[in-house]
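Engineer: As you go down the protein sequences, you meet chains S and G in turn. This note's numbering puts the first residue of the first sequence at 1, with every later residue one more than the last. This note's numbering puts the first residue of the second sequence at 1, with every later residue one more than the last.
Simulated from the structure, these hints should not be mistaken for laboratory data. Being a predicted model, the structure only gives us computed values, none of them experimental. Every residue gets a Cβ at the ideal spot worked out from N, C-alpha and C, and that includes glycine. Hints should not be assumed to be uniformly reliable.
To be verified - Examples of chain G residues toward chain S, derived with CB under 7 Å:
1) CYS206
2) SER207
3) PRO216
4) GLY289
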Amino acid sequence: MSRIGVFVCWCGSNIASTVDVEKVREEAAKIPGVVSAVDYKYMCSDPGQNSLRNVIKEKNLTGVVLAACSPHMHENTFRKAAVKEGLNPYFVEIANIREQVSWVHEDKERATAKAVDLMKMMVEKVKRDKPIEDVRVPLNKKALVIGGGISGIQAALDIANGGVEVILVEKEPSIGGRMIQLDETFPTLDCSSCIMTPKMVEVNQHPNIKLYTYSEIEDVSGYIGNFKVKIKKKARSVVEKDCTGCGECWNACPMHKNVKSEFNINLSERTAIYVPFPQAVPLVPVLDRSVCLHFKKGGKCQKCFDACGPKCIDFSMQDEIIEETVGAIVAATGYDLMETSMYGEYGYGKYKDVVSGLQFERLLSASGPTEGVIKRPSDGKTPQTIVFVQCVGSRDPEKGVPYCSKVCCMYTAKHAKLFAHKVHGSQSYVFYIDIRATSKGYEEFVRGTMEQDGAVYLRGRVSKIYEDNGKLIVKGADTLSGNQVEIAADMVVLATGVIPKKGSDKLAQMLGISYDKYGFLTESHPKLRPAESSTAGIFLAGMAQGPRDIPESVVSGSAAASKILGLFSKSEYEVEGTISSVNEATCVACFYCQRVCAYNAISRKEIKDRNGNVVKVVANVNPGLCTGCGACVNACFSKSIDVKGFMDDQIYAEIKSLAV
Amino acid sequence: MANTKTDEKLQKIAKDLLESGEVNLIIGYTKGSNPQRMRPVFITKPEEAEKLSFSHNAVQDLAVFLKKQEVKKFGKIGITVKGCDEKAVNALIQEYQLSRDNIKIIGMQCNGVIKQNLADKGETKVSETTVYDKCLICQEHTPVLYDFLVETEEPELSLSGNVKPYAEIEKLDALSTEEKNAYWAKEFDKCIKCYACRQACPLCFCSRCIVEKNMPQWIDTNSEEPGNAQWNLIRAYHLSGRCIGCGECERACPVNIPLMLINEKMARDVYNLFGYKSGLDINAKPVFGVFSESDFNDFIK
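Chain S extracted, bound-state conformation (with noise of 0.2 Å):
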């Protein structure tokens, strides 16, 4: 017999200033098998758990309801308080009179109806409710990180700092990703590959991580604790164990006037055969076969083959697939710049001398094609007079994107003060909407900007910019002053918005974790949750959530691996017991469950007689993967398969309680 209490709670005044709580206490007292009904100001609070238990303890209760928040919010506390008497913590349930009812009701009379409906429903469910234990799924205790820029390289050293391996894949010929493409850094003017070299050395030289670049993910299956994963490792034509990084090959690679080099941004050539950059990790080069005269002519040129020393060129290495098993992910897969062709109006791509933020750092970077001389690209000329535009595609709903972007008033700040320092005399102007510097250091950055280095701030957006003699004359709006300004400029730098890197859509569907309209990774909760995905064992980081800077991408990238380390230091991995389970009996697999399971947690399972032949096929949920959904609940015509917890006959009783 059951022996249930009831327990309503006022929530302060969030509750019962809209349901009369004693009247769903005094309903509660009514049903048969209630023993016992409360109603308690704060049932969360201390007192009001220990309540809760007292009760359990002198009724003996066999069953718990609380009619409160939603779930979502103490489900877990009440849990633990029942634990803590004995009972099964799924023989408590909650009927969610706040978020479902108080506060989205006005009328009191209808309110406290409703919530003594809802309260009726757990009561019947929780009578009907079977003890269920939680499952523990083992855990492979290695990570893999996909993305080597910042945020990844910081999650992969703390993951490996840890004690646990590490997969880290980029796809790019080397990590680094977007910072080691920055010149100085905001606030401090630290030089961006001074700070991020050392890091990218020792990801490389770390006993526990294992680097693979030039590679792709090319599949994900499995679930927390235990994910395939199949990486591509892209033809690098280049033997890695053998090469030394030093050089003799792209030096005698005769394709050096044609093709655009991506790490410069198409402000300089590089050859079929290259490293992005000098200080590329791994140093070993990678030969673009889609340039490369051996695979365009028919193999006759073999120049750098010619030149290698160590003979590490390999012009028939092929891709290779390389699987590994990992209990954990971290995606950090960084961000791209929005297109800028919406903007015909600011000459991006037409002008020369109009050039993206990212394209001034490497002008400014004394690793870039001007080995850090300002020089337009149109003449070479050292530009005296630069205006900077702000919010480029940011912060602009109906061209480009509606969200702030985050780091370019700060980065055109840096541009500016950083073209006074290295131009004396010059004269830098800034067209923006508003001014965001709320970081550390930050405000004070931008102050100096305007104020040492003698930057104009002109509060407005640019409406067209063209060339003139020489000139680039930019017309925009002075809001504050209320005037229309016109200014000849040498060069327009275009602070254009940040988007996430193309394809990363693609590795979310493949991931099994969700992403917003815009393409960024969503969080499984955006403010309690933040490195956490949709999917267990699945964690975000770096720019590949949203906009952020590089302070922020490192502490992502270290929340992520603290998340992982947490999770490995348990032995088993506990996933709520609230899952489907089949009824083999009447199960006659025809799989449309397998169909609509999102999660890819039924598979095929064949029951064999003592001989060893197969009887019947049925239908089999993996508790990894199961997240109790109820996808299939719903697909099956034979309701042969339930989620525990919800099972059939107490979903039935809880609409049957409501019959008049």
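Starting from the known structure of chain S, arrange chain G on it as the hints suggest.
Structural biologist: This is chain G only, laid out in the frame that chain S set:
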């Protein structure tokens, strides 16, 4: 009665299959004691192949037997099917109830089967007024998939357009919701819950039907409302996107509920909304087992 050419060819195929051991059982039609009716026959010996026959009286969908345990135990099976029935074979393969490797399909070209009530009265001519509605909309006079094909000797079915198949559907569509409810309430009121519709259906293959689930009992079992409507509606939903339109449920119904109006309406809706027709491709994914981003979502407000 002398064998027709069709019968000779059919018997030869069956004999060869059994002799070579490619199949252990052939499900086919044989002449009934009533010359205007054909009945199913199960043949396991080559010498019995001469019993096989086929004509415009071969009304039953023999695919229904493929779901039976007694038949399944034979392993490799040959089956005689019309184009409509063959779609049921395909659907069973799609839903993993049958392996393509275990079935030899003897496809019978068919230009329509004569309604049994007319045949009983002596009708012997295939015409648009004598065949079932499903024959009038048939696109598969030659089965879409077969291992052997037996050509028909019947003349092609000529359609004047004067006979509208499933004409009631348009009439019902034009009614108000209340009128439709009234129409179906009257029809379902006749239901005696004999489940003949289910037993005759080649795609009702669950070993335990949802009506037989009694903890809890979702569907009332007595033959009264609301259980009658519950049963007929849930059957309609379980068959939507799956029914291949053989019409056996309606033919089996002892109280003449026009079940094919429901099935055909559902099939049309599924085709209009998802562009899917059941049983045409053994490699196609059943429509309600897939999600596509292009699926209509007007119902989300």
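Engineer: Work down the list of hints and note, for each, if the structure agrees.
Structural biologist: Cross-check of the supplied hints:
1. CYS206: holds, 4 Å
2. SER207: Holds. Min distance 5 Å.
3. PRO216: holds, 4 Å
4. GLY289: holds, 3 Å
Hint violations for this structure: none, all hints satisfied.
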